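Chemist: Each chain, letter by letter, is given below.
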Amino acid sequence: MISQFFILSSKGDPLIYKDFRGDSGGRDVAELFYRKLTGLPGDESPVVMHHDDRHFIHIRHSSLYLVATTSENISPFSLLELLSRLATLLGDYCGSLSEGTISRNVALVYEILDEVLDYGYVQTTSTEMLRNFIQTEAVVSKPFSLFDLSSVGLFGAETQQSKVAPSSAASRPVLSSRSDQSQKNEVFLDVVERLSVLIASNGSLLKVDVQGEIRLKSFLPSGSEMRIGLTEEFCVGKSELRGYGPGIRVDEVSFHSSVNLDEFESHRILRLQPPQGELTVMRYQLSDDLPSPLPFRLFPSVQWDRGSGRQALNVRLHLPLPRGVVSLSQELSSPEQKAELGEGALRWDLPRVQGGSQLSGLFQMDVPGLPGPPSHGPSTSAPPLGLGPASLSFELPRHTCSGLQVRFLRLSFRPCSNANPHKWVRHLSHSDAYVIRI
Amino acid sequence: MPYLGSEDVVKELKKALCNPHIQADRLRYRNVIQRVIRMPGVQEYIQQPILNGLRDKASYVRRVAVLGCAKMHNLHGDSEVDGALVNELYSLLRDQDPIVVVNCLRSLEEILKQEGGVVINKPIAHHLLNRMSKLDQWGQAEVLNFLLRYQPRSEEELFDILNLLDSFLKSSSPGVVMGATKLFLILAKKFPHVQTDVLVRVKGPLLAACSSESRELCFAALCHVRQILHSLPGHFSSHYKKFFCSYSEPHYIKLQKVEVLCELVNDENVQQVLEELRGYCTDVSADFAQAAIFAIGGIARTYTDQCVQILTELLGLRQEHITTVVVQTFRDLVWLCPQCTEAVCQALPGCEENIQDSEGKQALIWLLGVHGERIPNAPYILEDFVENVKSETFPAVKMELLTALVRLFLSRPAECQDMLGRLLYYCIEEEKNMAVRDRGLFYYRLLLVGIDEVKRILCSPKSDPSLGLLEDQAERPVNSWASDFNTLVPVYGKARWATISKCVGAEHGGSERSHTASFAVSGHLISEENKGRVQEAPDSETLMLVPNCQLTAEYFEKTWLSLEVAHQQVLPWQGEVHPDTLQMALQVVNIQTIAMSRAGSQPWKAYLSAQDDTGCLFLTELLLESENSEMQISVKQSEARTETLNSFMSVLETVIGTIGDIKS
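Chains A and B, in that order, give the protein sequences. The number in the numbering used here is simply the position in the first sequence, starting from 1, with 86 added. The number in the numbering used here is simply the position in the second sequence, starting from 1, with 121 added.
It is possible that part of the hints are untrue.
With a straight-line cut-off of 27 Å between C-alpha atoms, the simulated DSS-like cross-links for lysine-lysine are [to be verified]:
1. A:LYS122 x B:LYS375
2. A:LYS293 x B:LYS311
3. B:LYS311 x B:LYS291
Hints are computed from structural coordinates only; laboratory data are not their basis. Bear in mind that the values here come from a model prediction, so they are computed numbers and not experimental data.
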């Protein structure tokens, strides 16, 4: 049971405020929350806070605070889940979730909240049921950008770029019920993996953890069935091994409740009738045994060793340094890269790394007053304490570390209205924590 | 938000509410009910539309109407429960629409709040269980929560229910999984192996939540992991890598993870965990680094040698914030694990240059004083402190310095005599802080009495390994926290929750507090009217405690050991205990005190005895552990009779509750 729900901007301005039960102190509760949040001592967690007999539970989502208050001792898991579901839902309706879209669509947001929660109790969060009751259209402002012009091409010629979905394509409202029918039927299917890796100083792997998700964002009219074929060698658990090839194995899988698994055992096909909007079809985890080698290695150098033709984006190396570093001299292999010193750490930015390439950066630091290596110890070559560990952050498009691929995405789509729906399938790995001890 | 229009609007609305067509349009019905319901003056008009709505054909209208009943009831305030309405709602539990069913439960819960909420009997429970698969995740989580209050009649029925619920442990929604887990834990409270089994199965979802992208979910999961670890220390040991921190995580998650790591350490993973923790000690954030060092100190109680080595290496960094925490850790460690004293003593020289804060200085001075005879240059380090005592800002450091120097003087008189004289002179003649001066005078007079007397007073034991063993025994049974699982209690932490619920209770429990407040002021322990109240209770419950039942300590011990614990209970408790007050209060209700720990000792214990008119003995142990903010009560009874036991417990609770209130 929720007493109030509100959305605050990152600066603490209330954007949305809704009181469901009328039993509490009014709007200044939002202000009270922000004051408590900012004045919190460092070792206390902000997730759950209390004032008098009221508990504040919040999540941060794209720099907004979504806060619920309650006076009961309720399940934190359900409430946090509800808040993040609300965030996705609002994102679906408004296009994307940000301060701008919320304030442009205040009426719509209140309407959604009215339907989702009654007297502080969840009624429904399924887009299927909600679409019958939501009347307001989302207001979308299209920011002018040079990027859109570039796809027109010189002299009207088709360029490469039109084959790639524009980056803003997925961020439009899902449910524009009565609006122009000319809108494309599109499906976006993303396989996203988050890597957390810990590599010891001698290069041995201490921890590998892959959290994967298959996310679907569908703009299709609901009720259309869809089949997603996964790599056939895909297997779950340690015992099960299929075929002779290098199996693609994950430890644990959980599926969304709407997924029909009849063909999963035999052909690794997921059947589902997705509602419009965003949906996590499948979640999986994999730890320790990774089928493919890790994407980065760092000896004294960072080496990027995947097959050529691929590239990594936005690679950043973060290396904490001993206190009192005064100067840094660098030798980098390309002018595009940048390394700078800040907040007691070295930051080396590599906007693009080609696959198979090796990069080197030589950094020389001047640390006055650093105690030398312990003279009595046998290991005089040990790095000074306070240096490292190095952590990398990166994005790898078109690559999944577990090796899971989507074979096909088929729509059994009623041949109504317009042409074939567009299907976009992406694979992406990015780093959660990629740490290399020095 | 309530709609507050003008007079005309109100009239218009009244008209609209009487209009039967308003219900034809579902959205308009909802809007009218939601808007109008909080408006004063229209309430009598709303009753009929709501009752009609309950029987509407459209499920949407029924959903709104069912919750409308709860709203209406709450608006009328203290109005009586309408039996017909309640019956109608109970019958609507069989509705086709799953949301109507869940809304009925919620609505009944609110309407029947005074009577203890909605009743879940066997037919309702089984009906709900069968409908579970039709509900969405929110409904499932909620129904699982309602099912907690159902008691299966037989073992067979219990296992049938557990089988039905099995699939929900695999749900993709963490809320449902945790709800199902809690239900399993509560239902199977007499079957520990089932409980363990469930906790094994929930490991996967919990670990997944711990590495979830949502920080908040991750935090909640970590708190629950800690809760489980309290009972099953080895439960997550093989997954220790999941709890390694990554640098991008927020501070509060890192702290939780360090705590978890500290608790799941065992022989196999200790090497890797310590390696990881050592990495954190040099973290950019000073707070996090210190938390990591304290964690290593915690692990050192079991794996002393490795930890002391790591801590010693950290001293080599010569970083102020690290050194001070390491020295504090050493102090606590030496007290619990005397075997590491030698290593600590070798590491200490040189630290004094890097310690600036009060806590660190106190720890260092204490170590130098107690173990000074093993540190060659201890007197010279202390001498530096004595030289600079005038500029010392913290009185606590000065007090510590006095004690340490007198102690060191006992073991190394030649080197210390001169500076002890200087320090005493300064403290007595020049010091402005009264506490420090008194301490100085005390030691001065003590020294006048003679060296033997000083030795007798100051040379107490230098370590107490048994204390560490006592702390380790805190392994609690699953049942002690099963009811807190999947609530806010583990997220706040038990100690903080106790203060929260206490201050909430203070606001609501009005009249009883005014009694206690009045006699707290008047200075009497129990005022006359209160005495009456306390003694009234036993009379009405046919419990008469005999006034002068004096047991000898030996007899008590013998009986205590021969009996089983009949009842165990935990009461909230804040702060320290004043034994005299408690003893007097217990005397009033004819409970005798056999033995009691000193005030301020930790853990604090007391043994009580009482006898009723039939000769039945009640033996009681009170236990107050240092970190817990609660008093644990165990009662043993010479004859097993529940009704007298219950009334005895209520007497005891009243007394302890009253004493607790006075001090808070």
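Chemist: All hints are to be evaluated individually against the structure, with a verdict given for each.
Modeler: Going through the hints against the structure:
Of the pairs offered as hints, the one joining LYS122 (chain A) and LYS375 (chain B) holds, with about 21 Å between alpha carbons and a cut-off of 27 Å not exceeded. For the suggested pair LYS293 (chain A) and LYS311 (chain B), the alpha carbons sit about 39 Å apart, so the restraint of at most 27 Å is broken. The suggested pairing of LYS311 (chain B) with LYS291 (chain B) holds, with an alpha-carbon distance near 23 Å, which does not exceed 27 Å.
Hint compliance for this structure: hint 2 is the single one not met.
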